[in-house]
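Chemist: Chain by chain, the residues run as shown.
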Amino acid sequence: MGENIFLMIAGLVIASAFWVVFSPNLIHSAVSLLFTLFGTAGLYVFLYADFIAATQVVIYVGGILVLIIFGVMLTNRIDTPSIAAGSANQFIGGIGAFAIFVMQIGVIFNTPWQIGNNQSRETTVDTIGKLLLNEYLLPFEIVSILLLAALMGAALLSRRN
Amino acid sequence: MDSLNSYLVIAAVLFALGIYGVITRKNAVAILMGIELILNSANINFIAFNRFGGMETLDGHVFSIFVIVLAAAEAAVALAIVINLFKNIGSVNVDDADLLKG
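The listed protein sequences correspond, in order, to chains A and B. Following our numbering, the numbering of the first sequence begins with 1 at its first residue and continues without gaps. Following our numbering, the numbering of the second sequence begins with 1 at its first residue and continues without gaps.
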């Protein structure tokens, strides 16, 4: 049962990622990206990462995807029936991406990964919170300053002058 | 099926597709979607290694939170730049953005 659900989610992620890259219509790409991100959240649930799955849904699906759809809508004429997304360099891109994929597959199956299973099926929120406020306090603060600066810069860039 | 390698293969497929999208797409927003795919594949790797690598702590989860935050910052800045590009040259085709070409 769980294995079938895992296969379904993996198939969903890969098929919708294919459509993100190959769809001739930009809106279809954006909607397809929605399914990829939701499917990735499902994979996180399989990996016992409940907090990351919720964060994925809230930030990626609720924030970044909405931003991307805004970007699509603001930079095209809406009255055209289909917003075309052209492609170029298919041959070079295909060769390069396939070479990277083959290399990754080779590394994945030829490396003796250290396998252990020490994760327990309990909530991860309190551990992540303790890690963020003890061990990773400095990176946490730096990344918050970076996010603040990036959002202020984005607001400044897109302001009407 | 629910093993480390299956997650790594899924992440590799996502990474290769993202690279392909970044190389081939002409529209700047579509290139951004490819970058999101790449960041997601990195996140899957972090979480999968944290789950199956015999780790005692959840450091991989913290790293993937940082990746998500950086992805949000990157998307906001990139879309501001894309909208400015559209205002200035009337197109988001990256081949048209050659104002700096001598």
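Hints in this document: simulated from the structure, not taken from any laboratory. Watch out, some of these pointers could steer you wrong.
What the hints assert, rightly or not - Only part of the chain A face toward chain B is listed, based on derived beta-carbon distances under 8 Å:
#1 ALA10
#2 LEU12
#3 VAL20
#4 PRO24
#5 ILE27
#6 GLY86
#7 ILE100
#8 PHE101
#9 THR127
#10 LEU151
This structure is a prediction, so every number in the text was calculated from the model and none was measured. Just so you know, even glycine gets a beta-carbon here, dropped at the ideal spot from N, CA and C.
Chemist: Work down the list of hints and note, for each, if the structure agrees.
Modeler: Hints, one by one, checked against the model:
no., hint, verdict
1, ALA10, "5 Å, holds"
2, LEU12, "11 Å, violated"
3, VAL20, "6 Å, holds"
4, PRO24, "11 Å, violated"
5, ILE27, "11 Å, violated"
6, GLY86, "4 Å, holds"
7, ILE100, "5 Å, holds"
8, PHE101, "4 Å, holds"
9, THR127, "5 Å, holds"
10, LEU151, "6 Å, holds"
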